[in-house]
Each structure stands twice: as structure tokens, then as C-alpha cells.
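Visitor: Sequence:
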Amino acid sequence: MGLRGPQPKPESLKVLQGNFRRPAARDLADGVNPEIAIPTPPKYLTDEARKIWKRDAAALFDVGLISRLDIEQFGAYCQAAAHLHLVERSLNARMAVLAERNVDPVKAFIASTPNGYEVQSVHVQLLNSLRDQVKKFGDAFGLSPSARSRVAASNNMGQQDLPGMEKPAGWSRFSGGR
0 MGLRGPQPKP
10 ESLKVLQGNF
20 RRPAARDLAD
30 GVNPEIAIPT
40 PPKYLTDEAR
50 KIWKRDAAAL
60 FDVGLISRLD
70 IEQFGAYCQA
80 AAHLHLVERS
90 LNARMAVLAE
100 RNVDPVKAFI
110 ASTPNGYEVQ
120 SVHVQLLNSL
130 RDQVKKFGDA
140 FGLSPSARSR
150 VAASNNMGQQ
160 DLPGMEKPAG
170 WSRFSGGR
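Residue numbering for the sequence shown follows numbering that gives the first Met the number 0, beginning at 0 and increasing consecutively.
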């Protein structure tokens with residue numbers, strides 16, 4: 000179930016709009032803004048999860064949505080996504096085997112109980128569970144269109160050196176770059 004009610008306004012917007020009540024102390028920092036950086040991947044990640052880490056961490060870094068504090072949450076996202084890929088490939092292989100035998104590939108989604116009833120396959124249940132996990136972990140980083148509206152980039156980019164921009168030497172470093 001999604002979040003209820005309207006999205007909370009940032010403190011800076013509340014200050015601009017004002018209010019009719021007694022003014023309260025406002026925190027204009029708008030939350031914690033950790034330094035944007037790509038953390039080192041945890042050792043427990045599988046090879047597939049490491050590929051996902053490399054791919055998505057760079058994209059999140061570019062938009063300011065990852066920091067060193069996110070190592071476990073992002074690791075869980077990458078591992079769940081890797082497991083999702085594994086189950087997807089397994090289900091596709093099972094469908095291909097059924098198709099080769101001239102059996103309806105949809106049978107890969109169905110299992111039979113000892114009493115003869117047809118139920119959803121364990122592969123499909125696992126697939127749905129992993130999709131939910133990937134969505135939940137990914138939403139924390141704004142990896143879906145609806146989640147992007149609820150995340151904000153950190154404004155703590157640190158002091159990053161740009162190519163071709165050398166730090167001034169001597170007294171010129173106090174001139175503010177003029």
C-alpha cells in the first residue's frame with residue numbers, strides 16, 4: 000500500500016509561503032545530506048549483483064542519490080535484483096523445455112498438489128516475491144517513476160575538482176576565483 004495523503008512540503012517552501020500561526024523554529028537544512036559517493040560493494044554480493052551494482056551505482060551517483068551510508072540498502076537491492084534475474088532465466092528455460100516437448104509453456108507457471116489440484120508454481124511465487132523486494136529496495140533510491148517524486152538528491156557534493164580547474168596558489172586562493 001502506498002503512502003497516504005499529500006507529500007510533505009520542504010521547509011524552505013513553508014518559509015516562503017508563511018503561515019498564519021505563531022512562527023515555529025524551522026530547520027532549513029531539509030534533512031540529512033550525506034556526501035554523495037559510491038560505496039565499496041559488500042563482499043557477499045554475487046557476480047550478477049556486482050554487475051548491477053556497477054551499472055546502477057554510477058547512475059545514482061550522477062543524480063546525487065547514493066552515499067556511503069547506503070551500502071547495505073543498495074547491496075540488498077542489487078542482491079534481490081540478481082536473484083530475480085536468476086529466477087527469470089530459470090522460468091524461461093523451463094518454458095523452453097516445455098515448448099520443445101510440444102506442451103503449452105504456460106504449464107511452467109502451474110504446479111499440481113498431491114490431491115491433483117493446480118496451484119501457482121513455486122517459481123512464480125518466488126518471482127513475485129523478488130519483484131516486490133526489488134521494487135521496495137529500488138523505491139528507496141528513486142528507481143521507479145512514482146518513487147522519483149519522493150526522493151531528493153543530497154546537496155552535499157563535497158568539493159569536487161573539475162578537469163582543467165587547478166586550485167589557485169598563493170594569495171589568489173582568497174580572491175574567490177576572480
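Wrong hints could be hidden among the right ones.
Stated by the list, open to error - Simulated crosslink set (SDA-like; lysine to any residue; CA at most 25 Å straight-line):
#	residue 1	residue 2
1	135	106
2	135	55
3	53	36
4	134	153
5	135	45
6	50	62
7	134	67
8	53	71
9	135	36
10	135	95
11	53	108
12	53	83
13	53	148
14	42	68
15	134	58
16	53	41
17	50	16
18	106	153
19	50	34
20	106	72
21	134	16
22	50	118
23	135	16
24	134	115
25	53	128
26	135	149
27	134	3
28	134	122
29	50	137
30	53	89
Claimed, not checked - Distance ranges between label pairs, derived from CB positions:
#	residue 1	residue 2	range
31	123	100	16 to 26 Å
32	5	42	16 to 26 Å
33	115	46	16 to 26 Å
34	62	5	30 to 40 Å
The hints are simulated quantities; they were obtained by calculation from the structure and are not laboratory data. Even glycine gets a Cβ: it sits at the ideal position worked out from N, Cα and C.
Visitor: None of the hints should be skipped; say for each whether it holds.
Guide: Outcome of the hint check:
1. 135 / 106: Violated. Residue 135 to residue 106 sits at ~29 Å, over the 25 Å cutoff.
2. 135 / 55: 15 Å, holds
3. 53 / 36: 13 Å, holds
4. 134 / 153: 21 Å, holds
5. 135 / 45: 20 Å, holds
6. 50 / 62: 19 Å, holds
7. 134 / 67: 21 Å, holds
8. 53 / 71: 15 Å, holds
9. 135 / 36: 22 Å, holds
10. 135 / 95: 30 Å, violated
11. 53 / 108: 32 Å, violated
12. 53 / 83: The given pair, whose Cα atoms are some 17 Å apart, holds under the 25 Å limit.
13. 53 / 148: At roughly 24 Å apart (the allowed maximum being 25 Å), residue 148 and residue 53 satisfy the hint.
14. 42 / 68: 16 Å, holds
15. 134 / 58: 17 Å, holds
16. 53 / 41: At roughly 12 Å apart (the allowed maximum being 25 Å), residue 41 and residue 53 satisfy the hint.
17. 50 / 16: 45 Å, violated
18. 106 / 153: 48 Å, violated
19. 50 / 34: 23 Å, holds
20. 106 / 72: Given pair residue 106, residue 72 is violated - Cα atoms ~36 Å apart, limit 25 Å.
21. 134 / 16: 35 Å, violated
22. 50 / 118: 34 Å, violated
23. 135 / 16: Since the Cα atoms of residue 135 and residue 16 sit roughly 33 Å apart, the hinted pair is violated (cutoff 25 Å).
24. 134 / 115: 34 Å, violated
25. 53 / 128: Judged against 25 Å, a Cα distance of about 24 Å means the pair holds.
26. 135 / 149: Holds: residue 135 and residue 149 sit about 13 Å apart, inside 25 Å.
27. 134 / 3: Holds - the C-alpha atoms of residue 3 and residue 134 are around 18 Å apart, at most 25 Å.
28. 134 / 122: 18 Å, holds
29. 50 / 137: 16 Å, holds
30. 53 / 89: At roughly 24 Å apart (the allowed maximum being 25 Å), residue 89 and residue 53 satisfy the hint.
31. 123 / 100: 16 to 26 Å: 20 Å, holds
32. 5 / 42: 16 to 26 Å: Given range 16 to 26 Å: violated, Cβ gap about 42 Å.
33. 115 / 46: 16 to 26 Å: Distance hint for residue 115, residue 46 is violated at roughly 41 Å.
34. 62 / 5: 30 to 40 Å: Hint violated: Cβ distance 24 Å, outside 30 to 40 Å.
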